[in-house]
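Asks: Here the protein sequences come in this chain order: A and B.
Counting from 1, one number per residue, gives the positions in the first sequence under my numbering.
Counting from 1, one number per residue, gives the positions in the second sequence under my numbering.
If you're looking for bench data, these hints aren't it; they were derived computationally from the structure.
None of the values given here were measured: they were computed from a predicted structure.
There's no promise every hint is true.
To be verified - Each computed EDC-like pair below joins lysine to aspartate or glutamate, with the alpha-carbon atoms no more than 20 Å apart:
(1) A:Lys-28 / B:Glu-359
(2) A:Lys-352 / A:Glu-325
(3) B:Lys-224 / A:Glu-197
(4) B:Lys-112 / A:Glu-359
As the list claims (entries may be wrong) - Okay, the calculated bits of chain B under chain A, using three or more residues with CB under 8 Å as the criterion:
(5) 100-111
(6) 114-123
(7) 354-364
(8) 411-417
Unchecked claim - With the C-beta cut set under 10 Å, the calculated list includes, among others, these residues of chain A facing chain B:
(9) Val-110
(10) Glu-196
(11) Leu-201
(12) Gly-207
(13) Val-222
(14) Val-346
(15) Ala-353
(16) Ser-370
(17) Ala-394
(18) Phe-395
(19) Gly-396
For glycine and all other residues, C-beta sits at the position ideal for the given N, C-alpha and C.
There are 2 protein chains.
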Amino acid sequence: MSIESTIVKMATEAKAAAKKMAKCSTEKKNEALIKIAHRIEQNASEIKKENAKDLSRGKEMGLSDAMIERLTVKDSTIKSMAEGLREVAQLDDPVGSMGRTWQRPNGLQVSKMRIPLGVIGIIYESRPNVTVDAAGLCLKAGNAVMLRGGSEALHSNQILASCISQALQETGLPERAAQVVPLRDREAINILLKQEESIDLIIPRGGEGLIRFVVENSKIPVLKHYKGVCHVYVDDDADLNMAENICFNAKVHRPGVCNAMETMLVHKKVAKKFLSPMAKSFESAGVQLRGCQETSKILPHIAKASEEDWPAEYLDLILAVKVVEDMDQAISHMAMYGSCHTEAIVTSDYSKARRFIREVDSSVVIVNASTRFNDGGQLGLGAEIGISTSKLHAFGPMGLEELTTTKFVVLGEGQIRE
Amino acid sequence: MSIESTIVKMATEAKAAAKKMAKCSTEKKNEALIKIAHRIEQNASEIKKENAKDLSRGKEMGLSDAMIERLTVKDSTIKSMAEGLREVAQLDDPVGSMGRTWQRPNGLQVSKMRIPLGVIGIIYESRPNVTVDAAGLCLKAGNAVMLRGGSEALHSNQILASCISQALQETGLPERAAQVVPLRDREAINILLKQEESIDLIIPRGGEGLIRFVVENSKIPVLKHYKGVCHVYVDDDADLNMAENICFNAKVHRPGVCNAMETMLVHKKVAKKFLSPMAKSFESAGVQLRGCQETSKILPHIAKASEEDWPAEYLDLILAVKVVEDMDQAISHMAMYGSCHTEAIVTSDYSKARRFIREVDSSVVIVNASTRFNDGGQLGLGAEIGISTSKLHAFGPMGLEELTTTKFVVLGEGQIRE
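Construct all of the structure, not just a fragment, from the sequences and the given hints.
Replies: Shown next as structure tokens:
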């Protein structure tokens, strides 16, 4: 079968499966998730055997150590995939819930009911656990899912997909509700992105290159997350101890992730007092600082920041530092160089906190806490399928609810329009 | 200036204006809306003079009578534009509102705050009143708007835009927050659809051809509404008098609009009893019926429906009629031929009503009332900018809230990730 007919057939079957999933009770969906978890644990050795094929092929192809590391399925990976599924089974099912219900003057009762989106396409790289994590969330929200992982992980993804399908079948749910695209060709992505009659949403997960490719080529709506250039602004009314803790945590706790701080903005009035001890903490943790001109006056030994540093997402122990005139300049800097991901202020001033919240245009705006809290789990969404930095449909971490939409339900007793 | 540089400049200015609009108080926005209304009334004769230029050009170009009718700005059009703006000023401002607020175990307080989307591009045909209606809604929701109306309405749209800009300026709001694209070239649309760095959302309003063109060519997310192939299913447990009233209203009240019924589905058990009087009412109102084979047995004088009738959006006094075995067949028919717009059931059976609500995949699902209620005003959204039949971001009538999104607001007292 050609690549095109393979993909078209999969998408058509996914659409049919989605219609069945949409009618499925929460109990059945949870049962399926728990069965998938069980099956993955039971098949641990087969999964690792398939993964070993990917790993040896990857080594032959000269994948970097970091790539090989991400590709590896260990016992702990198996355990965390299974636990993840059991946690998703515990989460509230958004489908069928109604928010506010209101009554019209003519007696019509109107509400909005949460319903699944339909078919979700996930396009991702390397990590095979995404296959299971993403499928779990999509299925729980009543959707069907088409998974196109990295070609280097194909053996691993296929055996994980077969665990999922078997568990679905065993539960009496449509086995085609979760499918892995069984093709290495990049052309498969292109064709997948054109199935707008069958697929309702595309979520790319991976590097900026992959995401831009998907956005450029998709005829289907895309929820995307380019990068996290996150800022902390240390106000002149900040508790400087708190600011030091927050900034240290935001940079050092896990520098390689999107919600790590990349630029620290400091009010000029507290710059001297704050920056000297802060720089010491950072340097003792191996953080390389790159400062603006004013910062250099206070910390003459650090590197000078260039224009490229302000929009940089280092994902590393590197931090750009800028001294600002006031909060307005901090907010303008965020608007100019940020990525609408996460921005935090440290301040004890009530009205500045209020204004920062209103005026900063980011998916998560934080007062007096670390940027590291921009995470579905940390914010109480349960689990997340990604973080959207564009505004339509979802802005910020996306949990189960963001994998659904709403329809209007109108109850009458014979009302007509006059 | 080239078409491209004109559009790029407008989009860049719109983006800057959107940032100012986002910070704007509800009071200021309402003041601007009321000033726009006033200015349109004050300038009625100039508006009609500009409109006359469009009309005479349109007649020279041989526009149909229906097109000329839609293009004409009458005193009543002026009045309804001004009243529409005053009504939008009365509506609650969604911006800044927070839904549920929750607390995390570590004490972080999390909420979602409504914020404007940014810059909205509206691409529409003929009716100049859309310029004012759409601008009013976009501005009230704190957005900037770029309006690209039909080339045949350019003079009318430009004078309306200048009324809007002058009123914005007079209120101290950015005058570039509402701009009409001053170009007749179709190429302008193509370029507009590529300004994904500045424009956040495109809403096309018009015929299916325009909408498909926009969807095919846009790099910006599109909220679209292709067509309304709406169904009423008359169940065997229906109150047949109520069913007759509802079906008559759904078809005859305003046959040329998207929420009019296009196909009536009738349970076989009540077909005979229901169809004979129903057909009489329809025929006395000039409705042409096209029936399935079973319908023909009951109403031998009517035309036979062909396969093309089931997915047809007549927008006219024509109705397809089909007798079905049961509700399941009705729901399958809707799924196969419908457009996810509006479907209604007439029934007195509680569990069938419940199942219909759950299983029918339409933006508005109605029990015992006319399909004509799928309308932002009728459902209590205040006013609508359109009806979305795709699921992402909004599904169904879109009011002010659908012109906004949410960001997360997190309040802490120094929390860091452990």
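Asks: Does each hint fit the structure? Answer for all of them.
Replies: Against the structure, the hints come out as follows:
| no. | hint | result |
| --- | --- | --- |
| 1 | A:Lys-28 / B:Glu-359 | holds, 17 Å |
| 2 | A:Lys-352 / A:Glu-325 | holds, 14 Å |
| 3 | B:Lys-224 / A:Glu-197 | holds, 14 Å |
| 4 | B:Lys-112 / A:Glu-359 | holds, 14 Å |
| 5 | 100-111 | holds (count 4) |
| 6 | 114-123 | holds (count 3) |
| 7 | 354-364 | holds (count 7) |
| 8 | 411-417 | holds (count 7) |
| 9 | Val-110 | holds, 5 Å |
| 10 | Glu-196 | holds, 8 Å |
| 11 | Leu-201 | holds, 6 Å |
| 12 | Gly-207 | violated, 20 Å |
| 13 | Val-222 | holds, 8 Å |
| 14 | Val-346 | holds, 8 Å |
| 15 | Ala-353 | holds, 8 Å |
| 16 | Ser-370 | holds, 5 Å |
| 17 | Ala-394 | holds, 8 Å |
| 18 | Phe-395 | holds, 5 Å |
| 19 | Gly-396 | holds, 5 Å |
Figure legend: structure checked against the earlier numbered hints; the only hint not met is number 12.
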